[in-house]
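*Asks:* Chain by chain, the residues run as shown.
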Amino acid sequence: GAVVSQHPSRVICKSGTSVKIECRSLDFQATTMFWYRQFPKKSLMLMATSNEGSKATYEQGVEKDKFLINHASLTLSTLTVTSAHPEDSSFYICSIKREREQYFGPGTRLTVT
Amino acid sequence: GIQVEQSPPDLILQEGANSTLRCNFSDSVNNLQWFHQNPWGQLINLFYIPSGTKQNGRLSATTVATERYSLLYISSSQTTDSGVYFCAGIKAAGNKLTFGGGTRVLVKP
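Sequence lines, in order, name chains A and B.
With the numbering used here applied, the first sequence covers 65 to 177.
With the numbering used here applied, the second sequence covers 43 to 151.
Read the hints as simulated data drawn from the structure, not as lab findings.
Among the clues, some could well be false.
Once the Cα atoms are required to be at most 30 Å apart in a straight line, the calculated DSS-like pairs of lysine-lysine come out as [as the list claims (entries may be wrong)]:
no., chain 1, residue 1, chain 2, residue 2
1, A, Lys161, B, Lys96
2, B, Lys138, A, Lys105
3, A, Lys106, A, Lys119
4, B, Lys96, A, Lys106
5, B, Lys133, A, Lys106
6, B, Lys138, A, Lys106
7, A, Lys161, A, Lys119
8, A, Lys106, A, Lys84
9, A, Lys119, B, Lys138
10, A, Lys130, B, Lys133
11, A, Lys84, A, Lys161
12, B, Lys138, A, Lys161
13, B, Lys133, A, Lys161
14, A, Lys106, B, Lys150
15, A, Lys84, B, Lys138
16, B, Lys96, B, Lys133
17, A, Lys105, B, Lys133
18, B, Lys133, A, Lys119
19, A, Lys128, B, Lys133
In isolation and in its complexed conformation, chain B is listed as follows:
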């Protein structure tokens, strides 16, 4: 299977700050998703982004498929952005969604 590495593992932000989270894949993926896991454990879908750039409010994501990485941008962070951000991908011709280790984000007021 594929290996998914996320960085940084932990991130502490002051409210209002911007940040970039990175996800590297060991192999080509044809499915890539970003999730936010809230303090109660629920995974919330942020982006389905196997390639290109998408934006949703203060969040945006860019995937460079040829270089096997994806970036998640958080702008003007708020305390409600705290939680764990996961990226996950499915290898081409595969069916299993493999998760990275996550980035634990804490936004301080």
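Isolated chain A (complex conformation):
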């Protein structure tokens, strides 16, 4: 398997501020990491694919200027939600792919007040 951590596990921020979420691959060097978003009682939706040393690839409808992704090393990817609004409140989950399976972090619950 693979071990993935996220920090923080939950965060509350005020509208208009920015929040950074970290995703770490603890036992595997991941050239690619994935960021998902999950709304309450809904499924996971892929937001973007994070590539080490290069720009992230965003899914259709995801604003790249709002959700900044940085994959600076083989073990760390960060997602920054800029100028957060209440509608950005959600559960954000990162994932890595090792061999053929994807493994997920524990998620970060973001609440924007």
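With chain A's structure known, arrange chain B on it following the hints.
*Replies:* Just chain B now, with coordinates in the frame of chain A:
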């Protein structure tokens, strides 16, 4: 991209009962996984099963790739089996894992 449909959307079981969850894909997939999302949100890998049958304790899964569906069997269910079960697949030659809507399972004591 592919469409992934799961059924049923909700399932209430009495402890000890058996159940079958289904996942249908709109296109061929070369990667198929089943996950259990626990009440804290953590996705736990259950099976990587693009084809064939696998078993792990009380859980087993079967994928019929030619017919684009997969089944997850839960036997002798326990309250700890409660949560949401997701299947997800990657289209052949693709790289994006697409999730189904999930089956919410509640096992009552």
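*Asks:* Starting from A/Lys106, check that the Cα of B/Lys150 is at most 30 Å away, please.
*Replies:* 22 Å, holds
*Asks:* Measure nothing beyond the straight line between the CA atoms of A/Lys84 and A/Lys161; if it is 30 Å or shorter, mark the hint as holding.
*Replies:* Cα-Cα ~22 Å, so holds.
*Asks:* Are the Cα atoms of B/Lys96 and A/Lys106 separated by 30 Å or less?
*Replies:* Distance ~27 Å between B/Lys96 and A/Lys106 Cα, so the pair holds.
*Asks:* Measure nothing beyond the straight line between the CA atoms of A/Lys161 and A/Lys119; if it is 30 Å or shorter, mark the hint as holding.
*Replies:* Roughly 18 Å between the alpha carbons, so the hint for A/Lys161 and A/Lys119 holds.
*Asks:* Please work out if A/Lys106 and A/Lys119 have their alpha carbons no farther apart than 30 Å.
*Replies:* This hinted pair holds, its Cα atoms lying about 28 Å apart.
*Asks:* Between B/Lys133 and A/Lys161, is the straight-line Cα distance small enough, at 30 Å or below?
*Replies:* The hint holds at about 15 Å.
*Asks:* If you draw a straight line from the CA of B/Lys138 to the CA of A/Lys106, is it 30 Å or shorter?
*Replies:* 18 Å, holds
*Asks:* For the pair supplied as a hint, A/Lys105 and B/Lys133, is the alpha-carbon distance within the 30 Å limit?
*Replies:* Distance ~25 Å between A/Lys105 and B/Lys133 Cα, so the pair holds.
*Asks:* Straight-line Cα separation of A/Lys161 and B/Lys96 no greater than 30 Å?
*Replies:* 21 Å, holds
*Asks:* Compare the distance between the alpha carbons of A/Lys128 and B/Lys133 with 30 Å, and conclude whether the hinted pair is satisfied.
*Replies:* 24 Å, holds
*Asks:* Do the alpha carbons of A/Lys130 and B/Lys133 lie within 30 Å of each other, as the hint requires?
*Replies:* Holds - the C-alpha atoms of B/Lys133 and A/Lys130 are around 28 Å apart, at most 30 Å.
*Asks:* Please work out if A/Lys84 and B/Lys138 have their alpha carbons no farther apart than 30 Å.
*Replies:* Holds - the C-alpha atoms of B/Lys138 and A/Lys84 are around 24 Å apart, at most 30 Å.
The structure agrees with every numbered hint stated previously.
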